[in-house]
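Taken in sequence, the protein lines are chains A and B. Following the working numbering, the numbering of the first sequence begins with 1 at its first residue and continues without gaps. Following the working numbering, the numbering of the second sequence begins with 303 at its first residue and continues without gaps.
Everything labelled a hint here was simulated from the structure, so no lab data went into it. The C-beta atom is built at its ideal place from N, Cα and C for all residues, glycine as well. Heads up, a few of these hints could be off.
Said to hold, decoys possible - Taking lysine-lysine pairs in the BS3-like style, the calculated list, with each CA pair at most 25 Å apart, reads:
1) B/Lys-410 x A/Lys-130
2) B/Lys-360 x A/Lys-88
3) A/Lys-95 x A/Lys-130
4) A/Lys-88 x B/Lys-410
5) B/Lys-393 x B/Lys-334
6) A/Lys-191 x A/Lys-130
7) B/Lys-360 x B/Lys-410
8) B/Lys-383 x A/Lys-200
9) B/Lys-410 x A/Lys-200
10) B/Lys-360 x B/Lys-334
11) B/Lys-393 x B/Lys-383
12) A/Lys-95 x B/Lys-410
To be verified - Label pairs and their in silico Cβ distance ranges:
13) B/Ser-346 x A/Phe-65: 46 to 56 Å
14) A/Met-233 x B/Arg-384: 16 to 26 Å
15) A/Gly-236 x B/Pro-343: 25 to 35 Å
16) A/Lys-95 x B/Arg-408: 20 to 30 Å
17) B/Pro-343 x A/Gly-108: 29 to 39 Å
18) B/Ser-382 x A/Thr-266: 20 to 30 Å
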Amino acid sequence: MLLKGFPRWLVALLVGLGVLMPNPFGLSVCCAQEQDADIQWALAEYLSGRGEHYRAITEYERFIFYFPQDSRVGSARVRILESYVAGKWWPEGVKAAMEAMEDPELSGELRCRAMELLGICHVRMGDSGKGREVLSSALEVCTNPTVRDRIRLFMAELEAGLGRWGAVAQALEAVEAAGDPGRAAREHAAKIRQGELSSKERSPWTAAVLAALFPGAGHAYLGRWEDAALVFMVNGAFLGATVEAIQKKQPALAGGMALAELLWYTGNIFSSVSNTHKHNRQLLQEWSRGLSLETGLSGSQP
Amino acid sequence: MGAPPEELRGRISSSDARNERSPAEVPFRFLKEVISRVDGPRCSMYPTDTQFALEAAKRHGMILGLFFLVDRLFHEWSESKRAPVIVVYGKERFYDPLDGNDFWLRGKSLLEDSTAYGFQE
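Modelling step: build the complete structure from the supplied sequences, incorporating the hints.
Spelled out as structure tokens, the structure:
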């Protein structure tokens, strides 16, 4: 017998302890917990991968709640933030970023990512000043050159949207990447310094003045020739009808036609201004897409 | 975390907007629900001109709603060569939403305006 020689009371005590404390050394609990954490993490990652951001956020939060000591808690906080950003949920993204950055154990890389996304959230919420401030701080904190370049690209696009071409060129010139991406960024910066993009922009004031002087000229200024012809014909027809009604001494008809012509005329000015803004935005969007493609970095859609 | 996800939020806000009817919408609603029905569904754009004007009136009031309608009528021809094509109710239409036209009135720059990349994502 193996237990021969042991006092019976000691055997009984050990067996009893075994019954009362099924896991006296905590070994299997530890492994089961790790397994549970892995399963929980995998579920959150799966949902995130499927683009179900809202459900993923819930699962990451569950992960943080159940496994607060796990080494992936910091990553879970940043994943929550990324999910909010992917779902375009900017105010919640700011809150999630602040929460993540309050974690003293957050690694440098994750802190950098949180700052990058916080800056993006501020910009998307319409606070470019604060966004620029946060992103500049992120550039100081981040050590990964790819991330730093991504932030610079976003800042370049931000400044382009505000028409600050000097700042756009400056951001692009600072891109650290070697090879084709770096070369592409510097080429874009050089083109901007030469005024290639700003020269293609159109002035809403010029469009308005041209449209006021000659209906259709505002649209022609934008290269919208078909629209220009339509605007010219409609305005010409109603103006002609008004003049004809006056000549034929039809005051009621002349008044109605004049009123309609007034609408077409003012609408022509409004349309010129609106389409100028649209033209400038399309120009920026195309440039931004080209920049992302050529550098292989996407600043605006991280 | 009590707020609903983005797609649900869109639905809620549009249904809320449907319940709120301002006097500015009346002429555009008449245009959409009476004149357009007689005239027939021939608009090649999405949203249709009357729906576009109705949305503009809801957002900016009757005067600007009217200007946006005139703008839509004037720029339709050129826009059909520039706008992305989408299929709505089995028919191809040119996508020209109000968000893509009134951003400058909302004072938003390209990245500040979260709708700027909307249809691409």
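Status of the given 29 to 39 Å range, CB of A/Gly-108 versus CB of B/Pro-343:
violated (58 Å)
Next pair to validate is B/Lys-383 with A/Lys-200; report whether the Cα-Cα distance is within 25 Å.
Holds, at about 19 Å.
Hint check: B/Lys-393 vs B/Lys-383, CA-CA at most 25 Å. Holds or violated?
holds (17 Å)
Between B/Ser-346 and A/Phe-65, does the beta-carbon spacing fit 46 to 56 Å?
About 53 Å separates the Cβ atoms of B/Ser-346 and A/Phe-65, which means 46 to 56 Å holds.
Holds or violated: B/Lys-410 to A/Lys-130, with C-alpha atoms at most 25 Å apart
Between B/Lys-410 and A/Lys-130 the Cα gap is close to 15 Å, so the pair holds against 25 Å.
For the pair supplied as a hint, A/Lys-191 and A/Lys-130, is the alpha-carbon distance within the 25 Å limit?
Given that 25 Å is the threshold and the Cα spacing comes to 28 Å, the pair is violated.
Run the distance test for A/Lys-95 versus B/Lys-410: straight-line Cα separation, threshold 25 Å.
holds (22 Å)
For a C-alpha distance cap of 25 Å, please report whether A/Lys-88 and B/Lys-410 respect it.
With Cα atoms ~16 Å apart, A/Lys-88 and B/Lys-410 stay inside 25 Å; holds.
Is it true that A/Lys-95 and B/Arg-408 lie within 20 to 30 Å of each other by Cβ?
holds (24 Å)
Verify the CB-CB distance for A/Met-233 and B/Arg-384 against the hinted window 16 to 26 Å.
Check passed, 21 Å falls within 16 to 26 Å.
If you draw a straight line from the CA of B/Lys-393 to the CA of B/Lys-334, is it 25 Å or shorter?
holds (19 Å)
For the range 25 to 35 Å, tell me whether the beta carbons of A/Gly-236 and B/Pro-343 fit it or not.
holds (30 Å)
Checked against the numbered hints given earlier, this structure breaks hints 6, 17; the rest are met.
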